[in-house]
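Peer 1: Sequence:
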Amino acid sequence: MNKLMLVVAATFGIIGVVVGTQLESSQSEINLASSSATHEQSKEPLYWVAPMDPNYRRSEPGLSPMGMDLVPVYDEAPEDQAAGTVTLNAGLQNQLSVTTAQAQVRVWQDQLILPAIVRFNPEQSQVVQVRAEGWVRQQFVFSVGEQVTRGQPLFTWYSPRLISAQEEFLSALRSGQKGLIAAAESRLLALDMSSEWLQTLRRERKLQEEITVLAPQNGVIQELTLRPGAQIMPTQKLLTLVNSNALWVEIHIPPGLEQRIEIKDVVILTDTQGHSVTAEIAVLYPLQEGKLRSQVARVEMTNDQLNWLDGQYVRADIRGAEDESLQIPASALIDDGHQQRVVLADGQGHFRSIAVTTRKRNAQWVEICSGLEVGDLVVTNAQFLIDSESSVASDLQRYEKATAVDEMNSEEVDHFQMNHEGMNHEEMNHEEMDHSQMNHEGMNHD
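Residue numbers (the UniProt record's numbering): 1 to 446.
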């Protein structure tokens, strides 16, 4: 009987201990929940969101589009956290599809594909003119773009002044006087007659009424103003010949891409037939067409076996030099035209927008000059939403600090601690003081 009583007593004792422990635990949870609720009630919500859609926000309580009560969101950031820090739990990060990537040092080789236009090198062009008044008799070239070779006849012309100069030269030759011969020869040379032509005239001693003008170089006719029978003058430009073997390929660089192209960058030029040649950028210079400012990259090359024509369009594949630099994915950069930013993540659910400076960029990567270090985590998806939230949080924090300063007033100032002994009341002019506006009721004159 005694043993049975002991067993029953022990059983009730164990049950009491278990129940007491559960009650104490429940009471602790209630106290903790109450403390948390009290803490939340002591703070003002930042905004209210829909339980099923965190993107639906309102500045005051209400109902979501699904008819559910909006949930308040409080600022849970610690006091020592930087301004603009946004905290997202794992569930919300998953809903927003937040992804991150590390800033890393990698080899950079920029690549741009731009249209380019072929020009004949204007520095290797020659203008054909005459040095006396005359008339065109025969014409052998007729159109712009026509290929000519050095020494090829271009046209013949007649000039009374040249006829007179030839007669003087032939007369001097018949006289045998060296001084007269030299003077007449100099006059013909001044009229742009060649030494070979003079030797022929000296040998044949026959007047030439029509003078044949020959092409001074191989090339293409770029300008042509000749007409058979037309009068020509010394100031008139009759033809322009340009060396078709010397090319300039001009690449017009759109605004915003100037920093990505440098002198000596490799360029692969390809025409519509698939013929390509590799060259280097030789010159970079600015260009202004009306109100539009741009930059032009020029490639200087030869036209061997290409047969490219002036004004022909080709494709330019520009590839910069390889070098190592700090880079982030291009999707992580936020560029609003005034500032370049990224959303920095600490891996613990805290995010903050920071300013960065960049150098080059392409479709995949961006070079970072300052603002980030190797290994920093940047957000590559949903960064625009976090960036806007970070800006709101930063502005709110600045507003709260400004409000706290404005709330300080004279009631918080302890006038009893002020040292009035340092004031010289004897030198103060009490007659100029307006005591009528003073509130004497709050003064203790005792």
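Derived from the structure by calculation, the hints contain no laboratory data.
One or more hints might be untrue.
[To be verified] Pair by pair, the computed Cβ-Cβ distance ranges are: (1) 127 - 231: 34 to 42 Å; (2) 163 - 266: 54 to 62 Å; (3) 290 - 338: 24 to 32 Å; (4) 338 - 44: 41 to 49 Å.
[Said to hold, decoys possible] Listed below are the simulated DSBU-like cross-link pairs for lysine-lysine, each with C-alpha atoms no more than 30 Å apart in a straight line: (5) 264 - 360; (6) 291 - 360; (7) 291 - 264; (8) 178 - 206.
Bear in mind the structure is a predicted one, so any value in this text is a computation, not a measurement.
Yeah, the Cβ is synthetic: ideal placement off N, Cα and C, and Gly gets one too.
Peer 1: Does each hint fit the structure? Answer for all of them.
Peer 2: Now for the hints, and whether the structure bears them out:
1. 127 - 231: 34 to 42 Å: Check failed, 19 Å falls outside 34 to 42 Å.
2. 163 - 266: 54 to 62 Å: 59 Å, holds
3. 290 - 338: 24 to 32 Å: 26 Å, holds
4. 338 - 44: 41 to 49 Å: 31 Å, violated
5. 264 - 360: The given pair, whose Cα atoms are some 17 Å apart, holds under the 30 Å limit.
6. 291 - 360: Distance of about 26 Å is within 30 Å: holds.
7. 291 - 264: 29 Å, holds
8. 178 - 206: 19 Å, holds
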